[in-house]
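Undergrad: Assembly of the complex is requested from the two constituent chains, each provided in isolation within its own frame, with the hints serving as guidance.
If you want the building blocks of each chain, they are given just below.
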Amino acid sequence: MKKKINGYLLAGLIITGIILIAILVGAFWTPYSPTAMKYGRFQPPSFSHLFGTDNFGRDIFSRVLKGAGTTFSIALSTVAIGALAGTVIGAVTGYFGGLADDILMRMNDALTAFPSFLLALLVVSLVGPGNKYSVVIALGLVFIPSFARVMRTEYASLRNQNYVTGARLMGVGSIRLLSVHLLPNTIRVLLPAVTIGFNNAVLAEASMSFLGIGVTPPDASLGYMLSEAQGMIAAGPWYAIFTGSTIVLLVFGVGLIGEGLQARNREVD
Amino acid sequence: MKKRFLAISLAAALIAMLFTGCGGQGTEPASAKPAETAAAESPAVQQTGHMASNEVAIGIAQDFDSLDPDYMTAAGTKEILFNVFEGLVKPASNGEIVPAVASEITKADDGLSYTFTLRQGVRFHNGDPVEMKDVVYSIERRWKDADPAAQLAALSVIESLEHDDSTLTIRLSEPSNEFLAAVMNCYILPAGYDSQETAPVGTGPFRFVSRAVQDHMILERFEDYWGTPAKLDKVTFKILENAEGLVLGLQSGALDLVAHLSSDQTAQLNKSDFEIAEGSMNLVQALYLNNAEKPFDDVRVRQALCYAVDKQAVIDLAFDGYGIPLGTSMFPSFSKYYDESLTDYYTLDVEKAKELLKEAGYPDGFEMTITVPSNYTPHVNTATVLVELLREIGVKATVQPVDWGTWLEEVYGNRHFQSTVTGLTSDNMTARKLLERFGSDVGNNFTNYSNPEYDEILAQALRTADDAQQTALYRQLERNLTENAANVYLQDMADLVAVRKGLEGLTFYPVYVLDLSPLSWNG
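Top line first, the protein sequences correspond to chains W and V.
Position 142 of the first sequence, counting from 1, maps to 142 under this note's numbering, and the rest follow consecutively.
Position 454 of the second sequence, counting from 1, maps to 454 under this note's numbering, and the rest follow consecutively.
It is worth saying that the hints were derived from the structure and are not from the lab.
Accuracy of the hints is not assured; some may be wrong.
[Said to hold, decoys possible] Which residues of chain W face chain V? A few of them, derived with a C-beta cut under 7 Å, are:
id	residue
1	PHE56
2	ALA110
3	THR112
4	ALA113
5	PRO218
6	MET232
[What the hints assert, rightly or not] Taking lysine-lysine and the BS3-like style, the derived pairs with C-alpha atoms no more than 30 Å apart in a straight line are:
id	chain 1	residue 1	chain 2	residue 2
7	V	LYS271	V	LYS501
8	W	LYS38	V	LYS396
9	V	LYS294	V	LYS433
10	V	LYS144	V	LYS107
11	V	LYS107	V	LYS501
12	V	LYS294	V	LYS336
13	V	LYS358	W	LYS38
14	V	LYS271	W	LYS38
15	V	LYS352	W	LYS38
The beta carbon of each residue, even a glycine, is placed where N, CA and C say it ideally should be.
Chain V on its own, in the form it takes in the complex (with noise of 0.2 Å):
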């Protein structure tokens, strides 16, 4: 009898903490070998292990989309392989597009050409020097490759190649302001190698040294760099799909840095042992509303959002604070464009809203549904906070979580939403995929914004080769996003980087990568 209580009652407690379990998504394989490793050496030892060793072992969420430079997406990869290939150009953490592989560049004062000089002794990975025929290759990939996947679309100005042995000039059909960005996206590649899927070789201050899908991936120091040689002789990503896993693999000791962190994550993390770096993850977040949509073709509906919600309540409330308000569809990191004077055009005004509502025909509210993709806990959370904001003004919200794969397909693809959470970025050093997404006739407009006067100054700025001319049509494009509240922005999120005491140097850049060259250990 006695037995058969303590069987029931263990069973019910064994049940409840499977839970625990199932909320990580099986990926327990890959949170498995961390923990192993870590009881295996004791916290103390592994530190002084990586310190000693000059090493560093960093965590990341996601396995590598493609080692081969022209074929990846995923902007985790980009963020790591960023240390291994560099192009003609390369940006630096000011913001500024700076020579890599190319020593000086040349901008004809048409605009309709640029020469690029060949930096003497720069060297492959593989011990090779970097020759002209290998640049022409590597652009030539991207520009018109037989496969489109390779492509760049912005590549598509080139007219024509013209080289000798130290400098290439590449003529352009139209000025573009754009190009630049472009030739950075141009990783130099030895010309006809044909392993950089398995076994890729760059000119970049780390070498690839090996990688198991789905587990890791280690890259060392490369000697022959040209530039700044790197501190570190060898770092090792370790792939951790759980994001508790990260977590744990920080606290045993197992890992030394891991990004992307939320609040509620760093909390739990022992301040005597690491620092936490706060930067930002250059991206748009907002709930998108599809313009198309009733009742969001109507203005004032739109508008009344935006007065209902108090960015920074959002921020309080699902980020801990942390995470800068913003105004319309540019973020701080672009100093240059991004117009700071709109992130309180609409300030918190419940009775405004209602006004607005009741105006636009809705004098009780309506009922709303915000998509959000479930894997990605801060928009949730964002959403959450959002439906309890638009309750005060009668909008009644409902959050709906789908799978990734289905956001992608029916809200960013189909356009078959009311409105979403999500964060935009721009992946090169330009400004102008943040803005050209609204235009009417644009493919990845997917909130259907709609606005004449939006498309023809966009059209302009686009055309445009002056590039002060064109900054301050994008500021009037960015005031234009505001005054119609073609979303309501919220903020760019912070991003969290936790670095255990000791290891030094950590740069933060306006696009996404994490650059291991300055990273040292100190003592």
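Okay, chain W solo, but in the shape it has when bound (with noise of 0.2 Å):
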């Protein structure tokens, strides 16, 4: 298979480089505190603060730096969590279907028809609020029937494919099979719905710090942010312009690069 880079993969590769090292800037130095409220509410951008002050005063531009590492971590972990049950759960159900192909995706089913409000909310009271990993969790389990219904739709194509009779007929265990043999050819289908799910998480996480999990004020994150800009859009319109271009960018640079993935697939095949 000859790896060729197309432009979108290299657009998509750039934006988020460029994001990614920002973020790691932000874990170790950001130009102020990201919770001081010392600056002046509403400052409009300047070269002392990029990106503005908010309603408390804070550097709009560290909050940001540190709210970026923040969302981009929670959406990774989400999407981790997804894929990885997912993968597991369409692997079986795809390649030996039957009773557990019944039995599993009925279950899947059943997870989707729960709003993730509610799925989120059950989360919080079973694992504590307090608790930082709750968002992750409860927003882990949304997006694994996503992932379940495309992968086992993609080990179902394949279960029947010469190489994979050859496989069973030699002797090869099923776990074997299905994780050497079956899983680096899904990969195609998996890497684009891991981008696109990664944007959904970034999108979601917003939603979730209203109900009090995932991250708690002072703290920031992009989707916080943004929600609370909204209600500032005449006081201090520059707050929701960089927040939102920021997701913008994280969710466009990632969008280019499943893109760019499946261009390429394209290709290749």
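TA: In structure tokens, the structure reads:
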């Protein structure tokens, strides 16, 4: 398989790379303390405060640096849970079919039928509201069904391929078959699903803050900041503009990578 | 290729926009309607329209919980139905209790009986004259109705009712300074009328016309009102649970008046179209501490927090400077009881705070959680500022937003919390509610404050019939709360009301009511 980098992939990698560097920098250094409230309320963008200040007089640039990191790590771990569990479920149901398929997929349907907010509330009541990981668990659960469905279809279509039948006849065990022989061939579906899932997770995180799970003030996350900013659009439009742009950039960058990967797969096919 | 790129960028932008929608928490249907109305008529036409037809549209943030006044519990409902229902007495804007359906009230010297003279010529909204049987029915309904939900605890002191056609004498088993305030909440209703919930009938200056649940309610002037008639012909209340919807409604001309706005919201309004009136919410906003929980069981720790929190900084940072700093569980509207000197009992002193923490055995500070109801942005913002202020003395606070139901159950009900920010209020005209709740064995003492001296003064204050003596005792209670730093008292939050230019007569009350009758269009 020849590795070819196309335009989407390149642009996506550059944008995401820049954001990743900013996040890394933000983890160790920000121009001001992201929670200090001493820079004057609603100062417009200037050289000392690149993105201006918010309603508490906090430096928005510093908060965006910190917040992007929080958002990124929440989205990443959420997708990791969703993809991992989804792949396992998808592999088992798609490859074996039968009763396991029926039971697991019906459970999957039940999970889909649940509004994600209710599901999140359930998780909070189980894990407790103070737990930092509750948002990841809650969102991870929400993301399992879509991954499971995608992977199931893929495994089901692959299981009757000649090389699979061949491997099976040679006595390869099921677990090895699923993970070593089949998994690499599902990557072309899994990767775009991961990038799309990542973007959804970025957006879902914001609404979760409202329920008291995930990011709590005064910590910053892009989603929480944007929902805060919408009420202040008249007093400090820069708050919404810069926070929103950062989210758009993040989602856009990862979206391009996903599109690039798909395009590359098409070319390979 | 190019198209695909465009599609991705558009999708990214769209998704980001979705967010802004998310923040509104699913109240789109409510806000959609006024936006339509707004689009249909231009602001100018709408404005002259309301003015010409002598009507007003008011935006409110929540629906009515009950139209039967004896069953309403939400402050937002009482606030509005104040215009529809009256008791024998009612509150005036200066904080006094004035005669309403009764024309005269005489209190016996021993405080054990009250005599009310029925006002002549008072009519119900359905045209029937108010008779003594209606008054007796209305009081008995709140005194000993079969349904305990309708009962008022403060009326349990009633021993008997004696009446003829024009006077009613109520005998009490013990003197009570809260009795008149309770009578105020015995709304006079037609005897035996059982459709209050759907078609309420009272004696107030406005009569109920119609209501659509979750959407609107319409009131009209009651022509046969016994007192000064209302100036407006018609008032429409539009329910917009989305705060942004209220601001948009004002901007578009669909609404003329909205109360309880934040300074960030009023900042969005055009100053040439609106007057911003500033009243106070009449509540005590504080960082309420669970006095039974470590480390707040130590008075030195609580005092340290008081020294660390600069009230004015909270008001400036989270409320744009609007708000009255408080030092105890009482607000200025209760001028008789309010002790202003307590406000500056603790002033910002980081060194002293650190010293107190050291004495209490926390030289490096400690970690604490502030649980806040996430739907009350002002409280969440206050908690956010508090975290910053407490950091100065080494206390690492974290904010824990929870939904309103969880807050009521866990914090207020089960007392499972370390600290919380909320506002406590008093819904009738007495200060009792604000102080009684800190007695050791009182059911709603959610802060677990327990002080033998306090309990003693409280018992004494509730026993005494002499008003001056009771006032002095109440002031002692306030001082006790401050000196023992029961909680970190912050402020009486400002109540900002946006009123369209030309609409005059808005009057603030020390209780949570919106009086519609003096409102009028000028010009």
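Undergrad: Looking back at the numbered hints, which does the structure fail to meet, lowest number first?
TA: Of the numbered hints given earlier, those the structure breaks are 2, 3, 4, 11, 12, listed in rising order.
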